[in-house]
Structures are given as structure tokens and as C-alpha cells.
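First to last, the protein sequences are chains U and L.
Quick note, the first sequence lines up with residues 1 to 323 if you use the UniProt record's numbering.
Quick note, the second sequence lines up with residues 1 to 323 if you use the UniProt record's numbering.
Treat each hint with caution, since some may be false.
In this list, chains with the same sequence are indistinguishable; a pair is considered to hold if it fits within one copy or across any two.
In silico BS3-like links for lysine-lysine, alpha-carbon gap of 27 Å or less [claimed, not checked]:
| no. | residue 1 | residue 2 |
| --- | --- | --- |
| 1 | K274 | K161 |
| 2 | K274 | K193 |
| 3 | K255 | K165 |
| 4 | K181 | K133 |
| 5 | K161 | K271 |
| 6 | K274 | K165 |
| 7 | K161 | K322 |
| 8 | K283 | K165 |
| 9 | K321 | K274 |
| 10 | K271 | K133 |
| 11 | K161 | K255 |
| 12 | K161 | K181 |
| 13 | K193 | K283 |
| 14 | K321 | K283 |
| 15 | K321 | K271 |
| 16 | K181 | K165 |
| 17 | K271 | K322 |
| 18 | K165 | K133 |
Hint data in this document are derived by calculation from the structure and do not stem from the laboratory.
2 protein chains.
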Amino acid sequence: MIIDGLQCGHFDRAAFEALLAGDVGGVVNTCGFWEGAVESMDSIGRWRDLVRDNADIAEIALTARDITRISQSGKLAIIMGFQNANLFEGRIRFVEMFAELGVRVVQLTYNNQNELGGSCYEAEDSGLARFGKEVVREMNSAGILVDCSHVGDRTTLDAIKVSEKPIAVTHANAQSLFMHKRNKSDDVIRALKDTGGVIGCAAYRNITGDEYCASIEAWCTMVARTVDIAGIDSVAIGTDKSHNFTAPDYAWMRKGRWTRGEDYGASAAGKPLKAAPPEWFTKIEDIRVIPDGLRAVGFSEAEVAQITHGNWLRLYEATFKKS
Amino acid sequence: MIIDGLQCGHFDRAAFEALLAGDVGGVVNTCGFWEGAVESMDSIGRWRDLVRDNADIAEIALTARDITRISQSGKLAIIMGFQNANLFEGRIRFVEMFAELGVRVVQLTYNNQNELGGSCYEAEDSGLARFGKEVVREMNSAGILVDCSHVGDRTTLDAIKVSEKPIAVTHANAQSLFMHKRNKSDDVIRALKDTGGVIGCAAYRNITGDEYCASIEAWCTMVARTVDIAGIDSVAIGTDKSHNFTAPDYAWMRKGRWTRGEDYGASAAGKPLKAAPPEWFTKIEDIRVIPDGLRAVGFSEAEVAQITHGNWLRLYEATFKKS
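For reference, chain U alone in the conformation it holds in the complex (with noise of 0.2 Å):
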């Protein structure tokens, strides 16, 4: 069974599907990037009818007991995210109301500073602000998981530090392994490995590098050596993989509505929109063949078993609202 730490786009059932053949047993979607509250309940609506729809073959889990009997069961579970703080819109008290709602993980940023902290792509990053140090703790206590893989790494070490629970760098890779602005120190990933966070290895072309993306063996190796950095208990998946994404989809994840001008977050001018995917996961079903790459460069059952689902569970055992 495999847990994606992180996916996009537009899910349907036919997602949901090519999910389940690739031995998906939960994912954590993405309900927003840029939106407010009232778009963010939207979205969750939309998830909610999304679900519902297909609730023979999928379900909304609130907790990793539910990611396991939901799994258990043949179906897809599906954990609510958001890659942005917006939905909060400052508002320290929506924090638990979302949490009610069912949103289990949020990425304190997204490409851009905000009132919580600074982004990976700004020129500097101020580091958790006051907004971001309450909304923290308030996470820790309504039951939601920190996600700092846009942030910014001032400011994902200020978080490890606040962060009364361990937090989650759902898709990234290291920068020692392949150097990209969304990539991670290796300060904050020992950081996250003394605290107990997780990291979720990301699968996109962009930030993972031709040379991780060639083979199975490829991408496995970088997991081995994101192992040396982080230790086996704080490495995971989360792919990055996005659903019938077209030109729109992506300039409204790069460009929201804060700029008229071009931005390409983790693409480049020239390059093109839609970086191809690795060549071993051209479709949704392939990502079926990492627990046997994993094997195949060395690592045991129980090390499989951890990569591929078991430290997610634990960290959401520790961080997701009770209930």
C-alpha cells in the first residue's frame, strides 16, 4: 500500500481508478493553492459531492485509522489539503473550524510571502511571523498537520521550532541531491528528522532532475540517499503528481491572481508548461513500481513498508484531529 504525501489537479473517477491500480491507498489532494475562505469551503464542497459520487471506490479520511480501513477496504482514501494559508484569511479562529470541516494538512505558504511567512521564492524569507507563530500552535491543537514544502527555509526552521507536533515537508527533495529553490537544506531535513517530521519525495521533473527521473532505479536511489540524510523513519512519498492539468491549471497555480506578469514557479522561462513526467510514471498507475525499486536498491520489508505508507500513518497518527 502506498500513501502519496502530496498530488493535484483535477481528480475524477477515473483518477481515483488509476490511483487504486497503482496500489494507492490514500493521497492527500490538493483543495487549494490561492483561495479565501468562502472559495476554500467551494472546494471542499466540490470534494465532498466529488467523493460521494464515487463513494464505491473512494472516502474522505479524518484520521490514519480511517486511512487504513479505507485502504483495507479496497477504496482510496482521501485526506483533505490545502498548499496555501489563505483559506485561513487571517483569522486565527478558522483554524479549527476548518479542521471540523476536515482539512487535515496546510502549507503555511504557497509561492509567495504571506502573513504567516516567507516563500521559497522570495528574495528573503522573514521566517515564521506572528501571524505564522499562533497559527502554528493553533494547527498543532486543532488537528492539523504542518506542511511547510513551499516555505521557505528560515521559515520551515522557525516552524520545526514552534510546532508543538512534527511537521511535514510533503514534496520535496533534498538541494545536496538535486539544487532547486522548492528543494530542502539538509538543515531542515535533519531538522526534521531530530523532531520527528517527515519529508515526501517529489516526483516532478522540476524539482527532481533528469537524472532521478530516468529510471525507477533512478528515483529510488535519490530516496536511499534522502534516507542518508533524513533517516529511514522521516522519509516518504509525495509525488506531486497532477490530474488533467492544462495550460489554465497551471497559470493560475503560478500566477493566482497577485501578478499580471509571467512567473513559472518551479519551471522556467523557455521551458516548457507541463514539465514531462519521469519516464518510469507517465501514467497515475505506474507509481505501483516503487515498492519494488525500493527493494531493488537495498531496503528491507519494514523499510518499504515505512517509505511507502508507514511514516506518513505515524505522522498522522501524531498531528490529525481525533475523531
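Once you've looked at the hints, dock chain L against the given chain U.
Positioned in the frame of chain U, the structure of chain L alone reads:
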């Protein structure tokens, strides 16, 4: 005639009458501190009604020329301002729309970091973030004056560099005269001077200090010392006077919705919620003593005119949307 670059609170007819009795011809009000786009439109709507209901003594000014005309007709010119950029809710395209609705002054941040930049009350100031750069240029072309009063020094210096038009610090003093986070370094004040910007000297005790509040002579001495730093073309008045504020207003102003804890803004634990007004400025209409106070500390008639209204009018002419 006096133009006050910043006041706040719940204005009413009595406040308008008191301002006119104080020889105030124009005032930048505070339409919002924390409010989002729709709430800000609500506030603009309430202001329009208030001014319409008192059309015999007040009128909304859209240009510098409006201010002169309205004032010369014996009425009070209301210039609509916001102490935070949250009215834009992260949308670059909202800047010109709020300009069309009559907004003429917007502070980039209030007391907390936001997606534009850093605040004077945050431990670290990131400087102007990516969205902040976009918004400053958009405010330039849309005709809204950039205000950096509560903004961090680094972000203020960035805004001065990025802005194609002069900017304002509508209500703050020099840190070299009274040390407070809310006041500005001489570097910031000199950068304002070099670019045609203006600082409005405040008369709010928490950021002015007891010495400069003790008498009109003392406060005008502070203004004169500010002129020593900023030059005669870059100093004006921004009292920060509040109307009809009660405890819940202070709580809203300082805590908004971002914290359940305490925050004191420019005040401090153990101090009363409302700082005592300067001895010379206990009633709104007392503001009329300023011109004579400036004369008494040695300013010429031409200099008094610059400080009391001319510098604001010049800056407004340079930055406000025409018509």
C-alpha cells in the same frame, strides 16, 4: 488651513464640525485596518453615506484640487485611506478598482507582515515581497499614494526604491527624536527626502513621547527637528488622532482576528488602553494651535504653509488619480 495626513475612529457630524473648528480643510480618514475586499467596500459605502448625510459640511476629495476647492468653500475634504493592503486580498487587479471607488491612500502593511512586505512590529522584515513590488507599481499607475507608516524600515526603503512616485509616511515620528518601533530611522527619512516623499509628524503619545506632548511649543520643536532631518519640503502633519474610540475599538485595531492573545500595538502591557492625548490637543479643534506653534519656533509663513498643507497637496497632486 491644515491637512491632517491620518486620523482614525468613528467619525460623525460632531467630528466634522470639530475638525472645521480646528481649521482642518482636509483629512485622510482610516476606512480599515484588517478588512478584506468586501468589508472594505462596506466601509467605503458607510463613508459615502456619512459624507452624503453631511453634505453641507463635508465632501469626499479625489484630487489635490478637490481638497483646495472643498476647503475654500468652508467644507471638510475627506480623503479615503486604508491602513492595510488587505482590501486587495492578493489581487493585483483590485488596486485600480479601489482607486476608481475613491481610495487614495493605502498603507502597505498594518501591524503584521503580509504578502506585500514586513511590518515594524515583526521580529524580522523581509523587505518588499514579490506581490508588494507589483502592488507598489500598480498603486503608482492607479493613483493611490503608498503609505509606509506601520511598515518595517527595510520594506519602506524597498518601497521608496521600487515606487516610481514619491511615497508617504503619513503618521510617524523620527526614531532619533523618540525611539519606538513605530517611528522611522533617519535613513528612511532621508530616503523620503531624496525622493520627494513626505513624513506626517504624529501627535499620538505612545510614539511621540511625553516630552513632545507637554506643550504645543514642545511638539513644534519636534517638528522643527524633523525638518532638520527631512528638509522643509518633506515634513507635514499626520496626528493619528482617533474619534470616539472605546476599548473594543482598540482591541480590534490591535488584535484584529489574528490572535486570541494580547497585543498592545504602540502601547504596552500595564498601560491604559487609550494613551492620554498631548496636553495641547485634548479636543479635536485644538489642532488649530499648530500654525501659531510653528511660527513660534521660527518657521516663516511659507514654511508654515508647507508643513500644514502645502507638502501634502504637492504629494497628493503627484500621486492621486486624476479626476
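Comparing the hints with the structure gives:
no.	hint	result
1	K274 <-> K161	neither (36 Å within a copy, 35 Å between copies)
2	K274 <-> K193	neither (32 Å within a copy, 48 Å between copies)
3	K255 <-> K165	between (32 Å within a copy, 26 Å between copies)
4	K181 <-> K133	both (23 Å within a copy, 20 Å between copies)
5	K161 <-> K271	neither (37 Å within a copy, 32 Å between copies)
6	K274 <-> K165	neither (35 Å within a copy, 39 Å between copies)
7	K161 <-> K322	within (23 Å within a copy, 50 Å between copies)
8	K283 <-> K165	neither (35 Å within a copy, 52 Å between copies)
9	K321 <-> K274	neither (35 Å within a copy, 41 Å between copies)
10	K271 <-> K133	between (37 Å within a copy, 25 Å between copies)
11	K161 <-> K255	between (31 Å within a copy, 24 Å between copies)
12	K161 <-> K181	both (22 Å within a copy, 26 Å between copies)
13	K193 <-> K283	neither (32 Å within a copy, 60 Å between copies)
14	K321 <-> K283	neither (33 Å within a copy, 53 Å between copies)
15	K321 <-> K271	neither (41 Å within a copy, 39 Å between copies)
16	K181 <-> K165	within (25 Å within a copy, 33 Å between copies)
17	K271 <-> K322	neither (44 Å within a copy, 42 Å between copies)
18	K165 <-> K133	within (13 Å within a copy, 35 Å between copies)
Hint check: violations occur at hints 1, 2, 5, 6, 8, 9, 13, 14, 15 and 17; the rest are consistent with the structure.
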